[in-house]
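Participant: Residues per chain are reported as follows:
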Amino acid sequence: MKSIAITVNGSARSVEVEPRTLLVHFLRDQLGLTGTHIGCETSLCGACTVLLDGRAVKSCTVLAVQADGRSVTTIEGLAKGSELHAIQEAFWEEHGLQCGYCTPGMILCAHEVLAQSPTPSDEQIREGICGNLCRCTGYQHIVNAVRSASRKMAKPRRTAATAGVR
Amino acid sequence: MAKKNGKANGHAFVGQRFKRKEDPRLIQGISHYADDLRLPGLLHCVFVRSPHAHAKISSIGTDAAKAAPGVVAVFTGNDVKDIGCVPCAGSLPGLKIPNHYVLARDRVRYVGEPVAVIAAETLYQARDAADLVEVDYEPLPAIVDMEKALAKGSPYVHDEFKTNLAFTHVMNTGDVAAAFKKADVVVNQRLVNQRLAPVSMEPRGVVAQYLPGEKALTVWSSTQIPHLLKTQMAVMLGVPETSVRVITPEVGGGFGSKLNVYGEEGVVPWLAIRLGRPVKWSETRRENIAATIHGRDQINDVELALKKDGTLLGMRCHVLADLGAYHQLLTPIIATLTGLMAPGCYKLPAFEFVVKGVFTNKMSTDAYRGAGRPEATYLIERMADIAARELKMDPVAFRRKNFPSPKEFPFATAAGLQYDSGNYQGTLAKATQIAGYDKLRARQKAGWKQGKYYGIGVSTYVEICALGPSSAMPAGGWESGTVRIEPTGKVTALTGASPHGQGQETSFAQLIADMLGITPADVNVVHGDTAAVPYGIGTFGSRATAVGGTALYVATEKLQDKMKKIAAHLLGARPDAIVIGGGRLTVKGSKKSLSFGEVVGAAYSAKSLPEGVEPGLEATHFFEPRNFTFPFGAHIVCVEVDRDTGAISLDRYVAVDDCGNVINPLLVEGQIHGGIVQGIAQALYEEVIYNEDGQLSTGTLMDYALPKAAGLPEFELERTCTPTPVNPMGVKGVGEAGTIGCTPAVVNAVCDALAPLGIRHIDMPLKPEKVWRAMQGGSQIGATAVLAAAEKKAGKASSRRRA
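Protein chains in written order, with the numbering used here: chain V, 206 to 371; chain W, 531 to 1333.
Be aware that a few hints might be false.
As a list, the in silico BS3-like pairs of lysine-lysine whose alpha-carbon atoms are at most 27 Å apart [stated by the list, open to error]:
(1) W:K931 with W:K960
(2) W:K838 with W:K982
(3) W:K975 with W:K838
(4) V:K357 with W:K1121
(5) W:K549 with V:K360
(6) W:K877 with W:K711
(7) W:K922 with W:K982
(8) V:K357 with W:K1300
(9) W:K611 with W:K692
(10) V:K285 with W:K551
(11) V:K357 with W:K1238
(12) W:K712 with W:K838
(13) W:K626 with W:K586
(14) W:K1300 with W:K982
(15) W:K626 with W:K682
(16) V:K285 with W:K549
(17) W:K1094 with W:K1137
(18) W:K1121 with W:K1094
Sample of chain W residues at the chain V side, in silico, Cβ under 8 Å [what the hints assert, rightly or not]:
(19) Q546
(20) I557
(21) R568
(22) L572
(23) E732
(24) E780
(25) R1114
(26) L1197
(27) G1200
(28) H1203
(29) L1236
(30) K1238
(31) E1244
(32) E1246
(33) E1248
If you are wondering where the hints come from, they were derived from the structure by calculation, not from laboratory data. These figures come from a predicted structure and were not determined experimentally. For each residue, glycine too, the CB sits at the ideal point set by N, CA and C.
Isolated chain W, as found in the complex (with noise of 0.2 Å):
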């Protein structure tokens, strides 16, 4: 925190585990998410989807599901033709973006796009008539393969443009030609960054009310972006921006995922003013996975450029990002952002980056916790574990050797951004001390000896946050904040930013009261309704907290002046001799000093203020940050896999994270963990698998393997604080830190294992199949010879897995 509140008020709230605002009602089951809302005369509504990934619609039949029991009514993509596309703000050269309908109209491109939607009194009857609704299609050949999508004869997802590449995006620095010539040493992999699923344990879900006499259209979403709704719901519907309000009930997680436009987010309210009644969507588990947007699905193929010593010379790095078939909001540039940040926290005087994003039959890939920045982490921290065990040199070794020092921030790096600040070698260091190292490395040798796998895995990463300036953000990158003291005394702080479970009702309201010196249970946040709240950006890309949090901030530094005014004018004294804490605006040095309700009833009661102050005491500020934030830190993890299995067991977790200033350290611990374990998921468990044929064969729970509390270790956390001087409270974000860290240290870990095998790289997810399978000699680098070495080194018959 800036020192002069944070010294005057003696931090009473701001840096405490202080446990949440949000949870009474949480834990008592009486708060209210989208599917949780009753109101009169509420329709229930279902929609159709495609079973298959390619297909022409050649008719749909409608007539039986409309004279089901309760059905209100049946429409199709033809009936819905005034409901405009779903929107992409994304913006790139040459982009090609497809009309992409709210309700497919004569083709459907993925398992799950919505071709009709019932409209039925209740939601059992409105399911019974999806069943009625027959719908002819003739399948066409699916693109699945994003490679063979880009070949010669593929068909095409969209035949307008007659090909599959949606766009080529190219960044490049120094001479990169220059210095793959002069390498002493070049490596190079292929990985791949497999498809995810979001999975927030809430589903989508969509309420609508339209009153015709107000002309007022009230939308609940399950949203990250209730604002940037508003305005697009109003582009979609035709409607006045004026006449839409939207509202986030409690919104059950969405980790990117609700960071969209969805075209559900059109047909819901338009069903709402087209029948007269209030209308509900609550998204199924079956619907999340096949229809809510996905994760990563990279290729990148990465070079090096290396010298003996181990300093890093250049990169290349040629991508393939597969889109699915449609653009959502934010399809396009998440994979430019994995150019933003692929060169991680190194120095690296010459960059090639190019991606082709390519059009597939499947569901849109977008925005996932991390959104880009994990693949790039991925990349660059198996490179780097990939080039240390080329060059026999210890991974700590060879990422010191390569880190900026902590003089040389703000860094100016490879890929055009400049980090705002960091110490590498601090986390590293502490990290490494936590873990024990040395100590881990003897205990592997001596594990090898022995027979057991047992591998350490390193990952330093580097995040961008706090999105972002506006100049470089789609939709503004600002955010609003506007504090208002009440006649009583009581706050009311409305954040533009929308949180979802990070808890920003608890720590914007510690911070407040520190400002104000009065304590958070007389501070109210309000956020995620947009009659009530001014014009803001959302929850995601860590930024509510630097970015919405500061807006607070500077809006409370206006109503300390304010107060301070209206105090010294009512004491006799000059405004900068006011102190404010305690409940007290106290004169410096005195004894004189008023009640924070004496001066708050006086800045009402406008009896008294001073020339110039005007009634009232409520301040607003648009928070526009002249830089994103890099959080940073190294996590390190243990792992055993074992021989007969593959299966692989965590052993410890050590992370080190600084994500600068923390207000709550309690809650960042929450979103480390949170991410660690999403970022495990990634490298252990979870795929989302479409078939060759483009069916979806992960569509359930079942079939997607989220992790479960078995088998994870205890987390050792630890923090290094480097503040930014982005923004005045020194805050960086934490949102995505965890899963953005964790993934490549697990897989190192893994590959570190396995090197006695020979074993260099297996594309998560490490399943206990496909690792085992390398065991057995599977892997491309000479295993066989180098375990049979390995074992009569350790002593050991090499028959007993090469039989």
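Only chain V is shown next, with the shape it has when bound in the complex (with noise of 0.2 Å):
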């Protein structure tokens, strides 16, 4: 066993883990965080995508011992208490989700998308967002989510907000 140090969504957690313990597994089963799903465990699906360190990471091909020292945001983070983040409201008025499976990394690629550049064209949200697969949505409802949230995260009101999740 091995001792890490980590933040996860703001709280600072030592814990004893496996060294093979992927991340993926150690924020569910460990911190029972089960908002991170896991969808292929290969990282081709994008549904286990976490920040680490505020860039989006597939964490089910992270080693949980990979991100000692480091912070990790999940979808149960993004929030600011009740109230929702700009992609998670977009999302909602979109209808950018269906089944909602892919829908937690589907949402945290979102933001690294719009970190990488914050008023990005529909062409640049669908190669954003390659590494995420939806089988539901037919991903245009996904792409008008990730627009309508590059705008509200524009506004002033929402850069506050947006600002605690790195």
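Combine both chains into one complex, guided by the hints.
Facilitator: The structure is reproduced here in structure tokens:
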């Protein structure tokens, strides 16, 4: 077993893990944060996307020990209390989800896309979310949601709320 | 919607793009799918699966696995003989049904077939131990190709049948021989409809807990059919059905793959009973692609008899359907649905459909989004294009020529169905108008001159939905709905349909809110718990709204009547003078009224009820549809095929669909978008491939190509509205329309683009390499000569592609 210290959704955790433990299993099984889903365990579907030091990673191909001393944001940590993040709001308003299984990963991937380019073109959005698979929506409403989130986040009111994510 | 409620309530919510009630829990990651459940003492189980397509099991050594850290138990096929076989609900005359054990006993018949199960304290320990199970296999010849499987001398998948033919099913209408005899033109084509994997983003998952004192077995399963599963599970396990409760937690997509009863759904609860601890199994993606049902996999030999003017005289359709090694729940009946819908939207005087179901050493095929109907639409819509080209007719004109007119509905088809309502001319006219069809043809011609292969593909589909009248369904086709107005005035709606992403928690709340004059926030739709919800059938076959929604609609009507009676009694008016709306029950034409809450209170306090009226406010209805519904539409796709690589880019996608009345247009759009992309996926990307040894070559998402966001056009959607008379809401269903309408449109577009090369048909998926090869002259019909002519006409040297 190995001791690691990780900040997850703003709270510092010191825990023992088996060295081979995947970050996604650590988050789900040891911390009970089951909003991060497992879709393929091969980093192809993106359902397990979380933010590691603010950058999107697929937590099925990161070891928990690799996150030692770093900060992780999962879908559970995105809203500020009862106030949804602009991307969450946009996914809701634009019907950017159906079964919801890809959604946490897709939202965090969208977070990365918007961090890289705050006013992306539709093509940039589509390229940007290419590592995340959705089987329900056909992506069009997801693209609409990311576009809409980009507009919301450009408004000053929302900037404060989103700054907390990093 | 029916006018009496609609007008009375002004449709406050029905017809609105209402955002979903489901979403807050999903976008915050605080909902629970099966794998998210945590129970005290939970054991994790892992299945050991066959690496061979076909082999005898000589021995299984489990000692090392049993001794591994954390392992609680290891069981093989011989240990679980008290679990019944995996059920098959299909019944056809002469159908051969092999024993389908939950764990293989002496023989394995497809890669991924489970042979042993490990239960351990942690998932990692269970996986470690699975590697220690030693299975000695004696490989046998694999039966992979369904045509060879029927040839003399082929080995058998199931020796006891002495054949690989599971069934032959024949349909016949009119004088087919005469139709072909008098035809001016006959066209034929062999069409391969490849094998697909449904790949819901959430793989399957089962969690079971048994309380021996209470004799209570609770099973959480990621299923589309909780009630049917409960019954089948009780039969498989030999326990009273009254002690089984099935709960569908959040279900992460199904697309038909969870409309089934799987061996794991027998083994996991059996383990929970046997070991006295709760047990969880979460399918991996690799297992999901190998051992969750597949879809499609038909070879269609189709022949059309035509008059010179394009009039269809007859069709012969001979189908081979690859069933895989065993029957899952509906395996044998999928291809028979193809027969029902093969005539498509056309008048067809003579029709012959023969399907042979074939056993092979592969995973079972079963219902995948569309389930038999995409195959039907693909074959008739491809043939329509091939025929039109043969006759030098425009494909739009050809279709118009053979449509029944809107006045001919209800329309009796060659396959013996009665299409409820339709206006095929209407959707096609709207689609061609939006697409600017004539301009597109002009653009195509101009493109040819520049050496560009631009294609326009049309598909007009009709699908069979709202499954269905019980007489035509294996396990009943009705649905249950219960509406209970609680004493506080909040409404609980219980539906036997079990949605899993479609959004009925919202659309059903919109419906009921309008009918009771309240808001959707006050209506809680409950589904997927057999202890809470009256027996139901489930969500599949685009039936949840048209059948399940109607059950709730009629149940709510019963409550409207009851509330009117109570209000009339209290207000001294006649019940038919009471109007419900805006949170009140009002005497028409007067100011006398009671609030909704006051009437609810009166029903529960029961101090002043009219004679013969029972206390409480709860009503149940089991809705039995008298017919299917038949949504339809027209899809037009524009593609460009790259000269040098064969890569296909989608330029435009226009879809005009008619699913009757619509409760929530936002959700309908979502269904169409998703359906279209699954249709594009079949046309261009996806294919489950078994090699000649029966090895699964496409067992991960690295090899099985799901569509991604890039490379898809912005879909241009429109609707027409032709309500169905089959249910009082006039709704038809829309869950599968996109997938059904899309695929032939895409393939038609590509073949249209490549027409100057003389290419008539390429089988799916249209991967660039395959298209490129066809463009190099691999096609059957004088490609070189036609290309040379086309390029000469365009003033280009033809040598570039022919070197």
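Participant: All hints, please: hold or fail.
Facilitator: Hints and how they fare:
1. W:K931 with W:K960: holds, 17 Å
2. W:K838 with W:K982: The hint is violated at about 31 Å.
3. W:K975 with W:K838: holds, 25 Å
4. V:K357 with W:K1121: At roughly 46 Å apart (the allowed maximum being 27 Å), K1121 (chain W) and K357 (chain V) break the hint.
5. W:K549 with V:K360: Status holds; Cα separation ~22 Å.
6. W:K877 with W:K711: It holds: about 18 Å lies between the C-alpha atoms, which stays within 27 Å.
7. W:K922 with W:K982: Holds, at about 21 Å.
8. V:K357 with W:K1300: Roughly 45 Å separates the two Cα atoms, so the pair is violated.
9. W:K611 with W:K692: Given that 27 Å is the threshold and the Cα spacing comes to 25 Å, the pair holds.
10. V:K285 with W:K551: Holds - the C-alpha atoms of K551 (chain W) and K285 (chain V) are around 20 Å apart, at most 27 Å.
11. V:K357 with W:K1238: holds, 25 Å
12. W:K712 with W:K838: Satisfied, since the Cα-Cα distance of roughly 11 Å is no more than 27 Å.
13. W:K626 with W:K586: Cα-Cα ~21 Å, so holds.
14. W:K1300 with W:K982: Within the cut-off at roughly 18 Å; holds.
15. W:K626 with W:K682: Measuring from Cα to Cα gives roughly 19 Å; hence the hint holds.
16. V:K285 with W:K549: holds, 21 Å
17. W:K1094 with W:K1137: holds, 16 Å
18. W:K1121 with W:K1094: Holds, at roughly 16 Å.
19. Q546: Check failed: Cβ of Q546 (chain W) comes no nearer than 13 Å to chain V, outside 8 Å.
20. I557: holds, 4 Å
21. R568: holds, 7 Å
22. L572: violated, 10 Å
23. E732: Given a least distance of 4 Å, the restraint on E732 (chain W) holds.
24. E780: It holds, given that the least Cβ distance between E780 (chain W) and chain V is near 7 Å, below 8 Å.
25. R1114: Check failed: Cβ of R1114 (chain W) comes no nearer than 31 Å to chain V, outside 8 Å.
26. L1197: holds, 7 Å
27. G1200: Holds: closest Cβ of chain V sits about 5 Å from G1200 (chain W), inside 8 Å.
28. H1203: holds, 3 Å
29. L1236: With a closest approach of 5 Å, the L1236 (chain W) hint holds.
30. K1238: holds, 5 Å
31. E1244: holds, 7 Å
32. E1246: violated, 11 Å
33. E1248: violated, 15 Å
When the structure is compared with the earlier hints, violations turn up for hints 2, 4, 8, 19, 22, 25, 32 and 33 and for no others.
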